[in-house]
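These protein sequence lines are chains V and S, in that order. For the first sequence, position 115 matches number 115 in the working numbering, and the numbering has no gaps at all. Quick note, the working numbering runs 586 ahead of the 1-based positions in the second sequence.
Among these hints, one or two may not hold up.
Cut-off 25 Å, straight-line C-alpha distance, at most; resulting in silico cross-link-like pairs (PhoX-like, lysine-lysine) [stated by the list, open to error]:
no.	chain 1	residue 1	chain 2	residue 2
1	S	Lys907	V	Lys278
2	S	Lys650	V	Lys361
3	S	Lys616	V	Lys365
4	S	Lys876	V	Lys111
5	V	Lys424	V	Lys439
6	S	Lys1025	S	Lys1010
Note that these hints are calculated values from the structure, not bench results. None of these values were measured; they are calculated from a predicted model.
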Amino acid sequence: MQRLAYKELRLLFKKMHQESYTMRGRFAVYLLSLLCAFVFLIMLLLSVTGITNSFDKELHLSLDYELETSKENIINQMNQLAAYSINMSHQLSALTNDVLREEKLSFEQLKNNPEALSKLQKKAFHNLKRNMYIVPCSGAFYILNTTANNNIPGNTNHSLYIKFTNIYSDNNLHNSLCMFRGIPETARNEGIELHSMWQLEFRTNKVPEFEKLLSGKYGDISNEYMLTETVPLPDTWEKARFMAVPIVSDNGTTIGVCGFEISNIYFQMTSRVSDKAKNNTFCALLSKNNNRYTGQIGGNKTGYLPPLTNDFTIKPSSSLDIIECPPYVFVGMTEKLKIGNSEHILAMMFPENLYNELLQKSRFKATIIFLLLMLIAFGSSMWLSKRYVSPILQDLEQLKNNPKELRPSSIPEIADLFTFLSEKDAEQENKFRQLDDQKKKMENDYVEAKNLLRLQAEQAEEEYARAKEELLKKSKKAEEQYLQTKAALDQLTLHRCEAEIDPDNYQMFLEHLHTLTKKERFIFELYLQGKNAKEIRDLADITENTLKYHNKNIYGKLGICSRKELLLYAEYMQLQKQNTSSGENS
Amino acid sequence: MRKVLLILAAFLLSLTMTGCLAENTNLDPKNPTTLSIWHVYGDQTKSPFNDAIDRFNRTVGRDKGVIIRVLSITTSYSIDKGLVDAAKKLPGAAEMPDLFIAYPRVVNTLPKNILLDWNNYLSKEERANYIEAFLSEGYIDGQQLMLPIAKSSEVLFLNQTLFDRFSAQNNIDTSELLYWETLLPLCNKYYDWSGGKYMFKLNDTYHYFVTEMMSRNPALNLSQNSIDVRSTEFAAAFYPFARAAIYGGLCLEHGFASDLWKTADVISSTGSTAEVLYLRDDVTYSNGVKEKIALQVFPYPKSKFGKSVAIQRGGGLFATKSDDERKNKAAAVFAKWITSNQENLSFTMETGYIPVNIKAAESLFANYENVSNPKYRNLYHAVSQMYNKYHFCSTPLSKSSQSSQKSFENALQKILTHAHAEFKQRSAAGENREQILDKLISESLTKMQKELL
């Protein structure tokens, strides 16, 4: 496209050089080209500064930044949670051992022993409470691999699980606690309420990862922490995930699991995107489960956050990934996150419908700006070219209409030109005057020469008339002499012929002359005209034999025996005719 | 040519300006407006209000471009505190929610002009759909700052299963629960029978004194004034109350009765009709064993010799006024939807509240016997017994009402708990129980007067 435009532009310039264009048109095209280049430069600058950036590029940068920031925040939060979970595990392990020692019990003997468990829980409460107020969480739990009553239906574990009554985003200093699982006496002694869905013990089968941790064998627990998948908190409207670490006794037995709760609402409040983020951008920390993703959704700045079912599918793409959570579709970026022994996906999302809408708007905006600039460029070119060229044209017009009285031009170059032209004019006028003089002189010379020639011609004509008259006299005289001579000669010839010609033969010749055929008569006439045999053959268009044939017939009919005789008779006949006619004339 | 260029430039400029400057204040389903809400309906249990919000988001909200997100379900006191902290922007405080459920008392604790006047978004016809008394409760300083969405009164809840065991052995009838004169002494019988457990807890002890004093003297206007602890009405209400509390059958512990109900540490309580949502159908004993129980509901106890008075409870919906007009409009869309006839009826019936929509309320009381859940059927039966026979007064609203109520309750709890401990100690020492009791009641009254004056 660009190459095409460049080519077209080159052709235009070439054409302009070759063809005749008005000064204004030529100037406007050059100016327009310059302004177009300037517009492109402005567009480039606007693009670099982001003013006319395509929304696509802008969103890429924003999502990338938010993904990195969220990743960093979540890793920090998870590291803190993991560190405190591990520390809490060590403390709870020591605390359990202390109580067991005091009560002279083995861990197995805690089963069906509510008194000992109550004592243990009272001590553990402060540990959990202290940690809860320090780390970013919505609750803390301590689940033992035993139960207060073996006869309770279902697989329950003795536990202390406390939660913040209300969820705040920044810290929990002003927050009160409630007991979700645990001994009510502990709650009442500590002045906290029971959660409305309080139960004495926790069903670990509600969180598969807890069962996995409880059934494992561990040496060092430092790397055994994990972030569970999101699970519904039994009987409540809440969903949560847990940072969980096993609790291992001195002898290496896994006696429980402890850690912190991150409820969905808490995650939403703490995992908000930055102020730089686009409205409606939000993150989600997801876990993969049979090609589908579930997890927790972070908050956005304001506005749109649809009621998601928390069941995502991710379709990777070379540009932005497509993340679907029917009926909603998002575009976004994803990154893998490993938190302890669990793997997760961090996704930064933006609603697809809004993305398409804003993309179109940004393109429209860029197009409008471009068109506006082009319009300004075009208008400016036209206006500037007019402004620039019109005084020149006025001067030229002046030059055309009244070259003799040129008003001084406001353009120095043209003023110089006018001066130059005036000087040239003066020079030309001088030359013209000289030439005019020369012309006049030459005209005079011409008239004189012409008169002279006319006189000479008149003289020559007179001489010619005289000479002609003399010549006429001489020719008349010569003609008379010729006629006299000829007459004398004819008389001589006649006398010679009469001497040579037999009168009978001649009579026969005259009498038989009319017997000749047309062809023979024609050949006879040619002989009389003095033509030789070859000329007669050519004129009569006959062969030599045919001529001989006609000659033989002519000779036979006229009674002669040779061509010489024929010519003699013929000459005599002519002379006879002349004498007869001259005698008649005389 | 110049005209064409000018027109084209003007067109392009107008397009640019329209794109840059125009601000749309209409709701847009393609770009929905999200409102956060703090409410009290459900606490940490499965919340019928949340279900209603889900329904709204899927239907009207989706069509009109409004999404409601629940950020907190907690008590009205927690909301009050959270709002004050948020308004003051204290470190660590949450952001002000767009919508919240609160009592009118909260208005006095918040900065002026941050609340939305619903009247700007309700037509006269729409206002006529609300029960006037409920609507007027939210009309403060010439503005409709609180829009009622569900109201309640107070009733008495009974763990019928455990009470039956007690009554069977002591020849007691549930009719004794209907009057303060019989109910409070019964607490002590239960205390003795159960080996020192509470029988009864009032969720709001302050309300007991308000209703009892007004029952004895209807001229008292305790909706506007605080309790006068030197009055004869107070003393008359205090004596039977203190006797049960000092003896031990009446629970004075902080918190809601539903907490102790879970572990069978209390078997009856007075509280909001909405308490039904939190009172379980089972109790858990300390060894982890659970027992199914039956829940019965009775009208709020009254005085045999006075007028029947009960508190009209239930907060209302407030909205934070926003500079973004779409948010204000979105709040109005949700408020109208939740108080529409059918939605108001189904939401209130799931939570134990009374509808605020006139048609919904009429429909409820005409058909409560058809309610399938026996708990709720009992509840509405009890409420219907009170509906035309009780005088309902709203909770006190004054600048100091919240703190004076708190001071009163704290003093009462402290003095009577101390007296109870002393009673137990001196009884154990072999002193005459009745004499000690009378003496401690008298001393406690004096202490109350000293403490609160």
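* Could you check the structure against the hints above and give me the numbers of any it violates, in ascending order? => Violated hints: none; all satisfied.
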